[in-house]
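Peer 1: Could you build all of it, start to finish, from the sequences and the hints given here?
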Amino acid sequence: MPCLELKNVTKHFGRLAALEGIDLRVEQGEILGIVGPNGSGKTTLINVISGYFRPTKGEIFFNDKKISGLRPDRIAARGILRTFQSNVLYEGATVIESMLISSYQQYKSNHWHSFFNTRTWKDENEKVVGRVIELVKLLDLLNDTFLPAEGLSHGYQRMLGISMAMIANPSVLLLDEPTTGMNHKEAMFVVDKIKKINEQGVTVILIEHNMKVLLDVATRVVVLSFGTKIAEGKPEEVMNQQEVIEAYLGTETF
Amino acid sequence: MPPAGIWIDGLIQSCTYMTMAFGMVLVFSILGILNWTHGQFYMLGAFVVYYAITAAGIPFFISIGITGLIIAGLGILIKKIIIDQVQGDLYISVVTISLIFFFEGAASMIFGMQDKGLAMVLPGVINLGSFSVSYQKIAVVIFTLVVMIGMYIVLNYTKVGLAIRAAAQQPDAASLYGVSVERLSFIVMGIGCALAAMAGGIMAPLYTVNPFIGGIPMIMSLLAIVIGGIGSLTGAIVGGLILGFLNSVVAYHLSYFSEVVLFVLVIIILLVRPQGLFGASLK
Amino acid sequence: MMPFIDYKNVIPKTVIGLLVFLIVLIPVFTTNVATLSMLILSGIWAIAVMGFTLVLRTGQFSLGQAAFMAIGGYTSAIFTVKLGWPFWPSFFLAGVVSGIVALLVGMVVLRVGGIYFSIITLALSEIVRIIAQQWESVTRGTRGLITSMPDPISLGGFEINFFASTVPYFYLTLCLVALTALIFWRIGESRLGRSFAGIALNPVLAEHQGMYLMKYRVIAFTVAGVFTGLAGSLYAHSLTVITPYMLGLWQSIQIMIMSIVGGISSLAGGPIIGAILLYTFGTYLIRLEIYGIQQLLFGAVVVLVLLFLPKGTGLVDLWERFWRKVVWREEEYEPDTPDD
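If you read the protein sequences in the order shown, they are chains Z, L and V. Throughout the first sequence, residue numbering follows this note's numbering, covering 1 to 254 in sequence. Throughout the second sequence, residue numbering follows this note's numbering, covering 1 to 283 in sequence. Throughout the third sequence, residue numbering follows this note's numbering, covering 1 to 340 in sequence.
Be a bit skeptical, because a hint or two may be false.
[To be verified] Taking lysine-lysine pairs in the DSS-like style, the calculated list, with each CA pair at most 25 Å apart, reads:
#1 Lys215(V) with Lys66(Z)
#2 Lys212(Z) with Lys193(Z)
#3 Lys80(L) with Lys311(V)
[Stated by the list, open to error] Sample of chain Z residues at the chain V side, in silico, Cβ under 7 Å:
#4 Gly29
#5 Arg82
#6 Ala168
#7 Phe189
Since the hints were made in silico from the structure, they are not lab data. Cβ coordinates follow ideal geometry from the N, Cα and C atoms, glycine included.
Peer 2: Pasting the structure below:
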């Protein structure tokens, strides 16, 4: 069943149409790839879904409830989490601190419990810290837990970004170019982790330039060009469509 | 309708605020530094002129030039040894705000707290119908015009000026004009501080000179650039113009209340339209 | 050494505990009014500085904290002097009124950040001063209001007389400082503190992780407002006068200076150290009667702290470094260079 639905989503910045009439249905549990040349509106799409921008026209539904127009924190509370391409981290925080801050949504208890350091808080905190350690291990950051996050290499910073999105308990994860800037080994490592995350039941939407990655991991792919959807379908099919090849002419991402 | 004298005072105030706001915006939009110490450079500029005239007998207009140079140097020094060592907008603000105290204290200790009066360097008045304007005040207006025209020429027709404008869009672009980024930052800081100092100098004969005269010009420059738009040079000029008259004319009608009006206006602008009149683009 | 006690952790804390204990007992050793007054006022400023630091923790640089002291001080002064209320309800009301003002103003003004927010708080600070100056019927303008100490309290035969000696007021201030320090420290350690850190370090990211920015900014600003208002009330009654110029922009800047020098990494210890050290230093400088030296040195101290101490640290962090480097002779922890 579709968990995320975009109906005629349009986003204008003044006279610039970043997105125009996007209709999209994302099935629960799938891994959807979003591709397109630079400037085709991929990141804007994620920004609109995550609530950073309000769509100029159109609506977005999550589990049949309208989410377009909500604040990002309300959308995150509903389980839609995202990563960022730049400005990924909490400046000055260590890995473990970043993770603890990001674990905000895991806590169900009232702030007063944590203020008075009650048993409820201590128990819940232990559980959350346990999850943090699990995630940190899963994404191979265990050795660097107490280091400042900015000291990590680019690849590991991206991994941290994904872990931070994960600890917030997502049911839908929006990844903005997770493998960009990584070498092949690192990229495959990320792909492996994405698969594992998806196995845990998380729907994944990822923006990717790297077709190899998409062929490996995506169940479906959507192609954007100049803000409109020009193709949709299984990665192998879409790759060979005429319009898609034309859209990419001039770029070397294939 | 307030008497002509009030309008003239408004004009004089506008001139001061325009010059200062322009200097402040230049430094802010090119170097990203909101220099809270700007007002103190006004004060120090006035003192330099005062001593140049009374102690060294240097003619008025040359003193203005000298104060511009000296305070430009001071500003560059401060930037190099203090501001550049500090990272983050927060800490730069903290440091420049603390320097306000530092300079006020230093001036109090070195020059003493008492008001120092500088005799009118250009005595005499010109009679325009029912009212008269002192030559001193006319000098302020002429000086400001000269500065504005000078800045316009520099920014549009000299290599350095174009480098400055390029750097506002793209920090490294200055090097395309053969000016290193570091040298450019010194030039910009120097110009900004010099403007404040010369404003202080030109106003010195009209009001008193004491260590505390920097506070109000500082707040007024800040308000001027908010009204005009924090990143905009034209905005600073327009903002200064508006502010000078607002201060003078509204104060005539409403006395203390005009201050409140001013502050409330600024708050509203910052909340509703932070780009002010001319937005965040460099003009 | 007993092996099961983590002495590296315990000993520095015991030393601090001892110092606190000594401070609490100071009135036993001396009832010198000047010394006690100095500590009282340091304590009052410490509360205001804690408020500033709390707001700073959410990424907002407020230049208007002295205005809340003024609001609190004037509230309790007006209620005691003009309406004849006793001290304690007025004191309580000072906190309530400041808190409400902080809440209402905060909800509007905290939407913007950075420099814009600082300028707005500066403007608000001046507006409060002007209102205090001009609303003659209520505040008596620049002449100010003359307040007095709280009335004597009888506790079953034992009377606490604020007029007879400064000691009771010292303990009153001490209690408020301790309460504020405890509450603020707990806030920092709790989940609330983590959210504050998140919205300060990267508001966009924090928002996308479920933290509602305005909620936390307003909470911090309001809590700070309440305690700063209470401090203002203590200030007005301690000095027995309140005028518009006592708590204006320059005082807000002094609060900022005390915070930065004390160290913003700590919500209680840093502000307290900063306030006590700088206030006593300042009082000493004023006695020298060289006008300007206090401003000069206060400005210089901040610049020196920012130039020579690592970013984000202040005097409070020196304590920890002293123990680690000088006493325990520990090596500085060098993280491994990241492998690419």
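Peer 1: Does the closest beta carbon of chain V sit nearer than 7 Å to the beta carbon of Ala168(Z)?
Peer 2: Holds. Min distance 5 Å.
Peer 1: Would the hint on Phe189(Z) stand, with a C-beta cut-off of 7 Å toward chain V?
Peer 2: At 14 Å from the nearest chain V Cβ, Phe189(Z) fails the 7 Å test, so the hint is violated.
Peer 1: Take a quick look at whether Lys215(V) and Lys66(Z) sit within 25 Å of each other, Cα to Cα.
Peer 2: Distance of about 23 Å is within 25 Å: holds.
Peer 1: Is it true that the CA of Lys212(Z) sits at most 25 Å from the CA of Lys193(Z)?
Peer 2: holds, 16 Å
Peer 1: Taking the closest Cβ pair, is Gly29(Z) under 7 Å from chain V?
Peer 2: Check failed: Cβ of Gly29(Z) comes no nearer than 22 Å to chain V, outside 7 Å.
Peer 1: Classify the hint on Arg82(Z) as holds or violated, based on whether any CB of chain V lies nearer than 7 Å to its CB.
Peer 2: Holds, because the Cβ-Cβ distance from Arg82(Z) to chain V comes to roughly 6 Å (cut-off 7 Å).
Peer 1: Under the criterion that the straight-line Cα-Cα distance not exceed 25 Å, is the pair Lys80(L), Lys311(V) satisfied?
Peer 2: holds, 18 Å
Hint check: violations occur at hints 4, 7; the rest are consistent with the structure.
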